[in-house]
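Enquirer: Listed here are the chains, written in short residue letters.
Number of protein chains: 2
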Amino acid sequence: MKINYSAMTDHLGSSAVRDILKITQGKEIISLAGGLPGEELFPVEAVRDAYNRALAGSASALQYGLTEGYTPLREAVAGRLTDQGIPVQAAEMILTTGSQQAIDLLCKVLLDPGDAVLVEAPTYLAALQVLGSYRADIHRVDSDEDGMLPEHLEEQLRTHRPKLLYTVPTFNNPSGASWSRERREQTVELCRRYNVLILEDNPYGEIRFDETPGAYPPPMAAIDRSSGGESCVVYTGTFSKIVAPALRTGWIVGPAGLIGMIAKAKQAADLHSSAIDQRALHELLMSFDIESHIRLISREYYSRMKLLSAEITSRGLMGAHFQEPRGGMFLWLTLSGGINTTDLLPFAVEQGVAFVPGEVFYSSQPMKNTMRLNFTHTPPELLPQAVERLEKALIAYNAHLEASLARTLN
Amino acid sequence: MKINYSAMTDHLGSSAVRDILKITQGKEIISLAGGLPGEELFPVEAVRDAYNRALAGSASALQYGLTEGYTPLREAVAGRLTDQGIPVQAAEMILTTGSQQAIDLLCKVLLDPGDAVLVEAPTYLAALQVLGSYRADIHRVDSDEDGMLPEHLEEQLRTHRPKLLYTVPTFNNPSGASWSRERREQTVELCRRYNVLILEDNPYGEIRFDETPGAYPPPMAAIDRSSGGESCVVYTGTFSKIVAPALRTGWIVGPAGLIGMIAKAKQAADLHSSAIDQRALHELLMSFDIESHIRLISREYYSRMKLLSAEITSRGLMGAHFQEPRGGMFLWLTLSGGINTTDLLPFAVEQGVAFVPGEVFYSSQPMKNTMRLNFTHTPPELLPQAVERLEKALIAYNAHLEASLARTLN
Numbered sequence: 079m080k081i082n083y084s085a086m087t088d089h090l091g092s093s094a095v096r097d098i099l100k101i102t103q104g105k106e107i108i109s110l111a112g113g114l115p116g117e118e119l120f121p122v123e124a125v126r127d128a129y130n131r132a133l134a135g136s137a138s139a140l141q142y143g144l145t146e147g148y149t150p151l152r153e154a155v156a157g158r159l160t161d162q163g164i165p166v167q168a169a170e171m172i173l174t175t176g177s178q179q180a181i182d183l184l185c186k187v188l189l190d191p192g193d194a195v196l197v198e199a200p201t202y203l204a205a206l207q208v209l210g211s212y213r214a215d216i217h218r219v220d221s222d223e224d225g226m227l228p229e230h231l232e233e234q235l236r237t238h239r240p241k242l243l244y245t246v247p248t249f250n251n252p253s254g255a256s257w258s259r260e261r262r263e264q265t266v267e268l269c270r271r272y273n274v275l276i277l278e279d280n281p282y283g284e285i286r287f288d289e290t291p292g293a294y295p296p297p298m299a300a301i302d303r304s305s306g307g308e309s310c311v312v313y314t315g316t317f318s319k320i321v322a323p324a325l326r327t328g329w330i331v332g333p334a335g336l337i338g339m340i341a342k343a344k345q346a347a348d349l350h351s352s353a354i355d356q357r358a359l360h361e362l363l364m365s366f367d368i369e370s371h372i373r374l375i376s377r378e379y380y381s382r383m384k385l386l387s388a389e390i391t392s393r394g395l396m397g398a399h400f401q402e403p404r405g406g407m408f409l410w411l412t413l414s415g416g417i418n419t420t421d422l423l424p425f426a427v428e429q430g431v432a433f434v435p436g437e438v439f440y441s442s443q444p445m446k447n448t449m450r451l452n453f454t455h456t457p458p459e460l461l462p463q464a465v466e467r468l469e470k471a472l473i474a475y476n477a478h479l480e481a482s483l484a485r486t487l488n
Numbered sequence: 079m080k081i082n083y084s085a086m087t088d089h090l091g092s093s094a095v096r097d098i099l100k101i102t103q104g105k106e107i108i109s110l111a112g113g114l115p116g117e118e119l120f121p122v123e124a125v126r127d128a129y130n131r132a133l134a135g136s137a138s139a140l141q142y143g144l145t146e147g148y149t150p151l152r153e154a155v156a157g158r159l160t161d162q163g164i165p166v167q168a169a170e171m172i173l174t175t176g177s178q179q180a181i182d183l184l185c186k187v188l189l190d191p192g193d194a195v196l197v198e199a200p201t202y203l204a205a206l207q208v209l210g211s212y213r214a215d216i217h218r219v220d221s222d223e224d225g226m227l228p229e230h231l232e233e234q235l236r237t238h239r240p241k242l243l244y245t246v247p248t249f250n251n252p253s254g255a256s257w258s259r260e261r262r263e264q265t266v267e268l269c270r271r272y273n274v275l276i277l278e279d280n281p282y283g284e285i286r287f288d289e290t291p292g293a294y295p296p297p298m299a300a301i302d303r304s305s306g307g308e309s310c311v312v313y314t315g316t317f318s319k320i321v322a323p324a325l326r327t328g329w330i331v332g333p334a335g336l337i338g339m340i341a342k343a344k345q346a347a348d349l350h351s352s353a354i355d356q357r358a359l360h361e362l363l364m365s366f367d368i369e370s371h372i373r374l375i376s377r378e379y380y381s382r383m384k385l386l387s388a389e390i391t392s393r394g395l396m397g398a399h400f401q402e403p404r405g406g407m408f409l410w411l412t413l414s415g416g417i418n419t420t421d422l423l424p425f426a427v428e429q430g431v432a433f434v435p436g437e438v439f440y441s442s443q444p445m446k447n448t449m450r451l452n453f454t455h456t457p458p459e460l461l462p463q464a465v466e467r468l469e470k471a472l473i474a475y476n477a478h479l480e481a482s483l484a485r486t487l488n
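Protein sequences, first through last, are from chains A and B.
When you line the first sequence up against our numbering, it's residues 79 to 488, in that order.
When you line the second sequence up against our numbering, it's residues 79 to 488, in that order.
In short, the hints are calculated from the structure, not lab data.
Some hints could be false.
Same chains, same names: a pair is fine if it fits in one copy or spans any two.
[Claimed, not checked] The calculated BS3-like cross-link candidates involving lysine-lysine, where the alpha carbons are at most 27 Å apart (straight line), are: (1) Lys342 <-> Lys446; (2) Lys446 <-> Lys384; (3) Lys446 <-> Lys80.
The following block holds chain A by itself, in its conformation from the complex:
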């Protein structure tokens, strides 16, 4: 029968990452495309023990739970956030199915079709998809390596009167960039002045490559909560990168009224997220040294990033340039001007390597000569080969471009 879909479905693009992962399935491809943590670093035994303990107690562990999430885990997460400079009460937070659901639910209770939202360029692809699904009017704010430019931000705030500013200010996906303290402060101040909520999406903030105390500015949520006045920062994080993604447990922090509204929306959406996973995570936090584990994975990811960085630098890749990220999971590569990385991708797959073309991370005016490279999932011994294949793909792509040009000229 003929199905008449809702208007939102016109704005549900399929993820390019997803399509690429489909292409690469079953082939001998080194994929730097996914945003996946390194599996060999997952604390599998500790997780298994945690599930055992979570299921060793009363049968009520298997019963329906609260929409807001398992209270002891909420309290434990609130405690960790407080330690990180974001003082939080459990009533100001709910647990979600990964931080992706946090983004979705916030947009659901906030955005009507046509409402303006400001984003960075480039920014997290799946956030653009969520914003698109609510038919938001998305506007970009220009940035440099320290974050959004205050002048442009204010201009966009004044012009578009947005409801929300979405940002990944720490080890951005895809760019790896991190905002300076000053820009964080300026952004909080400007958004307060224009009565605009900020969604600070911070899945990578604990994966730090510099262990010097004070090496990094605090989260915007910490600045917001320490500076007096009414809070404008909603904060989301996740266990996906510091424990494992399959447990699908994230959180969202904000004013109690807003969190209450999100809880109502979540109740309609799925009643609650997996209560067993939440209990297991609570058991894990009680018995496993997660801070040491985060240091362990951060050091390993740092060494992989340095390896990838060195390989790219030594091969040159026809003038590609990048800034080494100071944390997180991604390296953002800008190639020379004439290269379109979406067109390059099939050549790369042909050579046996995959990446995400940069253009998918822009709401408008994409930089088509960019790409996102993940360095956390591929075994490090394969990284040199990945870069070698990328170089071969560039050579083949350029030869193809020149041949096309020659045909055009003939």
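Following the hints, put chain B in place on chain A, whose structure we already have.
Expert: Then chain B, alone, in the frame of chain A:
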């Protein structure tokens, strides 16, 4: 700061069940209000073993998974459904965070504000909340004990040109009623003729009190798929009632194009549901005799229902009447005409018993003298006391009504 919520939030009622559960927390109350399975029947050891096996293999069990769900579990669920007369390929099904998310995602890809939807009266409260959140124009179809009345259904189809008909035709929540085969066939036929999708929500269908083969009509999805022509039935089910709710694993079955669209919406909503829970459920299905377990809980629930039924019958409850459900988890009680069960509830809580007032299950024209009683969660030895307390509450409520009336007349 002032938060301007989206228009959908005006339609996000809090669940009455939820509010009642809050009232009853920490009190000595026998609650027949929740829709909870009996905890003492959960297969805790088998579930724990299943998680152990799910986490004993490769670390990839902890990695991001497919939006559609863990393939071996999809295949196993498709196999069970096929055995139940609903032939399904894995591509026609995705796994969701409980069947609540299935309802939400289907409405999301289907409904724009003002789109008409037909429902039974009474019907599942949380489905009404989802429909409300998409600002659907909800219309009821009159029913008798065999299901929707075909004449009224056709009138409503013609008048409102709905996009969707939502129904729980087997052991309805809240009424416990089950549709006859004839009404199922007529409804499928009418909806095909008017090009309307049916969402058959079937969380309780396997909890059957009559073990005679052929005692029950097939699901509408089975009728739909066996009768040729283009399928109009979308089908959702869940492990919440046959294994345990905390695992939050449901499924939705429909035409491959629709399921693909729902997968896109799910990707934006939460990337995917817990992959560990899905792997554990797959392990459970491989090693645990779930069919025997379902017979075990069905027999126990049957004996509890009979006990509740006998207690109500013996006390009379001032002329209350009901039909014994032939399966599921709920008994629907209709009291004498002048009683408003919402007003009765505080008297009941005062006496130490809770129920859900029937009016919350109606989209319009509620029958205010009804209530939903759950018989699966309360230990059976407490059921007589629960009914005794309900009788006391009725006496106190009636005394209060008479006193009010006397004051009015004086």
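Enquirer: If a hint holds in the structure, say so; if it does not, say that too.
Expert: Outcome of the hint check:
no. : hint              : verdict
1   : Lys342 <-> Lys446 : between (41 Å within a copy, 25 Å between copies)
2   : Lys446 <-> Lys384 : within (25 Å within a copy, 69 Å between copies)
3   : Lys446 <-> Lys80  : neither (38 Å within a copy, 39 Å between copies)
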